[in-house]
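Protein chains: 2
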Amino acid sequence: MVFEGSEKIIELGVQPGSPSLRRLSYAFWQTLVASAGAEIISTVRNESCDAYLLSESSLFVWDGRIRMLTCGATQLSNALVLFIEKLGAETIAYATYQRKNEYLLQPQIRSFAQDLAYITQTISGKGYRIGHLDSHHHYLFTANNEGHSGKALATTKPVVTIKPLATTELLMYHLRGPLAEYFRSPCQTAEGICDALELSSLFSGFEFDYHLFSPLGYSLNGIKGDKYFTVHITPQEQSSYCSFETNLTDKDLPAELIEHFLLKLQPERWDLICVDRPLLVTKRRDNTSINTCSITTDAGYDVHFKHVHQQGELQFTQII
Amino acid sequence: MVFEGSEKIIELGVQPGSPSLRRLSYAFWQTLVASAGAEIISTVRNESCDAYLLSESSLFVWDGRIRMLTCGATQLSNALVLFIEKLGAETIAYATYQRKNEYLLQPQIRSFAQDLAYITQTISGKGYRIGHLDSHHHYLFTANNEGHSGKALATTKPVVTIKPLATTELLMYHLRGPLAEYFRSPCQTAEGICDALELSSLFSGFEFDYHLFSPLGYSLNGIKGDKYFTVHITPQEQSSYCSFETNLTDKDLPAELIEHFLLKLQPERWDLICVDRPLLVTKRRDNTSINTCSITTDAGYDVHFKHVHQQGELQFTQII
Chain A
1 MVFEGSEKII ELGVQPGSPS LRRLSYAFWQ TLVASAGAEI ISTVRNESCD
51 AYLLSESSLF VWDGRIRMLT CGATQLSNAL VLFIEKLGAE TIAYATYQRK
101 NEYLLQPQIR SFAQDLAYIT QTISGKGYRI GHLDSHHHYL FTANNEGHSG
151 KALATTKPVV TIKPLATTEL LMYHLRGPLA EYFRSPCQTA EGICDALELS
201 SLFSGFEFDY HLFSPLGYSL NGIKGDKYFT VHITPQEQSS YCSFETNLTD
251 KDLPAELIEH FLLKLQPERW DLICVDRPLL VTKRRDNTSI NTCSITTDAG
301 YDVHFKHVHQ QGELQFTQII
Chain B
1 MVFEGSEKII ELGVQPGSPS LRRLSYAFWQ TLVASAGAEI ISTVRNESCD
51 AYLLSESSLF VWDGRIRMLT CGATQLSNAL VLFIEKLGAE TIAYATYQRK
101 NEYLLQPQIR SFAQDLAYIT QTISGKGYRI GHLDSHHHYL FTANNEGHSG
151 KALATTKPVV TIKPLATTEL LMYHLRGPLA EYFRSPCQTA EGICDALELS
201 SLFSGFEFDY HLFSPLGYSL NGIKGDKYFT VHITPQEQSS YCSFETNLTD
251 KDLPAELIEH FLLKLQPERW DLICVDRPLL VTKRRDNTSI NTCSITTDAG
301 YDVHFKHVHQ QGELQFTQII
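Those sequence lines, one after another, are chains A and B.
One point on numbering: in this note's numbering, the residue at position 144 of the first sequence is 144, and numbering is uninterrupted.
One point on numbering: in this note's numbering, the residue at position 100 of the second sequence is 100, and numbering is uninterrupted.
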C-alpha cells in the first residue's frame, strides 16, 4: 500500500593505514550490495570516491570508508555485518547504522531490535532513538570505539582517530506542487528532473550519475573530490518522498540549499538530520516544528534532529 | 523495547433472529480467545452482557453481538475469521476490525495489509486509514453489508438493520504525574487503582471485574444492563498507555468524563475515536490538536478521530 522510500544508512571506516577500500574488486561490492537485497546499476569514479548507483539507492566508497543507503524492503544490516566479516573486525575504526521508523510492518525484514541483536553478534555497540516515539523518529546504532566484541584486541592497537563523516540529511515526505506532479507523470525524463531541481547549477563541478526507474522513481549520485551528494525520489501518491544528503559543509551547504529543496518539493513533513554539525536553520514561517533534539553517542559524535510539519492541507484518511 | 498497549478491536453482529450468542459454551469463547493468543481470566454477567477479562484485554458478549479487544502481540484477526467460520458467514450482520499503527515492527504478527488479505478470504469488505500516515493513525476494516464473499446469498435475506455499537475510545499515551508513578510502583493494588481513578463513583451501578497483572498492568471491565466500559493500563516507562472505551452515550458520557481521565493520567498524546456519535469536545487550553478527521464507511457509519499533543516536556531521545 505504501512504498517505504526512507533509506536505511550504514557507514563504516577502517583503521588508518589499512589498504584502500577502492582497491577491492567490483565482485566484492556486488556481493555486499546483494547481501542487502539490491544491485549495482552504474558507477562513477573520481580521484577520491567511487559512487555506485543501486537498484535501491546508493553506495559511496572512499579510501578509508564506505557509506551505503538502501530503501524499500532491503536488509542493510546484512551488508554492515558482511563488510565487517570480510574485512576483519580489527580493521574497523567505526560503524554506524541508521533507519527511520517505518510506516508499515514489514514482516519480511528485521525490526531495529532484531537488527541490534544481529549486528552486536559481530560488533559491540549501542542503539539510540532520536525523535519522539509517536512521530517521525530514527534509530541509530553506533559501534563502540573499542571495536568488535568476542576477541581481545592487541594492546598495541593505534589510537583511533578516524571519525564518521559530517553529514546533512534532508528527508522530505508527502511532496506537493507541480514538481511532485511531474515526478508521477509519464512525460518525465531523468534530465528533466535534474533540470527542474536545478542540480547542475547548484552543484557545479560535480560529476553526475542518475537513473529514472520504471514506472516511477529517480536516483542521482554526484561526486566532486571527496564530496558527495545524493538525491532519491519515490513519488508514489500515498507516500511520496525525496531525500537529499551530502557531506558538504559550511559555505558549500548554506541553509538556502535546504530551502531550495523545500520550495521545489513542498513536503508536508520533513526531517533534517545533521551529524557532527549544527542543524541548519531555515527561514520559512509557515512551518510547525514538532520536534528538535540532539544526542551525543558513546562513540563521541553529535546527532541533531528536527522534524517539521508544513501547514496546509494534509491527507488524513485513505481507503485502502 | 516497547510494549504495544494499544488494542486491536473486533466487533461482530449476527442477523436479527439468530440464537443468542450468550448461549454458546464457555469452551467456544475459550477457543475464540485462544485463537488470538489470549486467555480468559475471569467473567462477570448480567441480564444483557457477559464480560470476560482476558490475559490481553477484554471480550464482551451480548445476545446479538460481540466486541473483543486484545493488546500486545496478539493476532485478533484470527478471532474475527474463526467467529465467522464457526457461526457461518450467512449469520453475520456486520463485522469490523480496528488496529492502531504500531510503534515497532513485530515480525511475528500480520501487518494490516496481511490482515486484510486474510480476512477477505472469509468475508468481503474494505480497509480504511484514519489519521495522518506520519502520526498516530488507525486502520479499520468493515465488512460489506452484503455479507460474505464466495457464496451467493438467498434473495429472501432480510434487510440488515443491526448496526455496530456507538462507541467512544479514549487512548492515552505517555502518562505522567503521580498516578502514572503509582501504576509503576510496587505498592499499587487493584483496588487502589480503581479508587485513584474514582471509577466506583463515576460508574455507579456498574458491576466491576478487575485484575492487576504481575509485574505491571491493570484491566477492568464494568457492565450495567447493556452498557459496558473497560479500562486497560500498561504503565511501562517507555510506552505507558491507558485506554478507556464504552458504549455509553449522551448524558451518560459527558465530555467531563473524558477530561477526568486526561487530568488524572496527564498523557503526552491522546487519541479520541467516536463511532456513530460526534467527537466529544474537551475544554483544556494547553493542547495542540494535530489531527481531526472523519470518514463514513461503505457500511454506512461514521468514524470520527482526533489526535492531540499535550504541551510540555516530551521524551524525544532514548538509549536502547
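Hints in this document: simulated from the structure, not taken from any laboratory.
Any given hint might turn out to be false.
Identical copies look the same in the list; a pair holds intra-copy or inter-copy alike.
Stated by the list, open to error - In the SDA-like style, the derived pairs of lysine to any residue whose C-alpha atoms are separated by at most 25 Å in a straight line are:
hint, residue 1, residue 2
1, Lys126, Ser239
2, Lys224, Gly127
3, Lys251, Ala73
4, Lys126, Gln238
5, Lys126, Glu102
6, Lys126, Gln106
7, Lys126, Ala299
8, Lys283, Ala34
9, Lys126, Glu237
10, Lys126, Phe3
11, Lys86, Lys224
12, Lys264, Ser25
13, Lys163, Ala117
14, Lys251, Arg184
15, Lys126, Val2
16, Lys227, Glu90
17, Lys224, Gln15
18, Lys126, Gln236
19, Lys251, Gly72
Outcome of the hint check:
no.: 1; hint: Lys126 x Ser239; verdict: between (30 Å within a copy, 20 Å between copies)
no.: 2; hint: Lys224 x Gly127; verdict: neither (33 Å within a copy, 48 Å between copies)
no.: 3; hint: Lys251 x Ala73; verdict: neither (36 Å within a copy, 50 Å between copies)
no.: 4; hint: Lys126 x Gln238; verdict: between (34 Å within a copy, 17 Å between copies)
no.: 5; hint: Lys126 x Glu102; verdict: both (20 Å within a copy, 23 Å between copies)
no.: 6; hint: Lys126 x Gln106; verdict: both (23 Å within a copy, 21 Å between copies)
no.: 7; hint: Lys126 x Ala299; verdict: within (9 Å within a copy, 48 Å between copies)
no.: 8; hint: Lys283 x Ala34; verdict: neither (41 Å within a copy, 56 Å between copies)
no.: 9; hint: Lys126 x Glu237; verdict: between (36 Å within a copy, 20 Å between copies)
no.: 10; hint: Lys126 x Phe3; verdict: between (29 Å within a copy, 20 Å between copies)
no.: 11; hint: Lys86 x Lys224; verdict: neither (28 Å within a copy, 67 Å between copies)
no.: 12; hint: Lys264 x Ser25; verdict: neither (39 Å within a copy, 63 Å between copies)
no.: 13; hint: Lys163 x Ala117; verdict: within (24 Å within a copy, 47 Å between copies)
no.: 14; hint: Lys251 x Arg184; verdict: neither (34 Å within a copy, 50 Å between copies)
no.: 15; hint: Lys126 x Val2; verdict: between (30 Å within a copy, 17 Å between copies)
no.: 16; hint: Lys227 x Glu90; verdict: neither (27 Å within a copy, 66 Å between copies)
no.: 17; hint: Lys224 x Gln15; verdict: within (24 Å within a copy, 70 Å between copies)
no.: 18; hint: Lys126 x Gln236; verdict: between (34 Å within a copy, 21 Å between copies)
no.: 19; hint: Lys251 x Gly72; verdict: neither (33 Å within a copy, 49 Å between copies)
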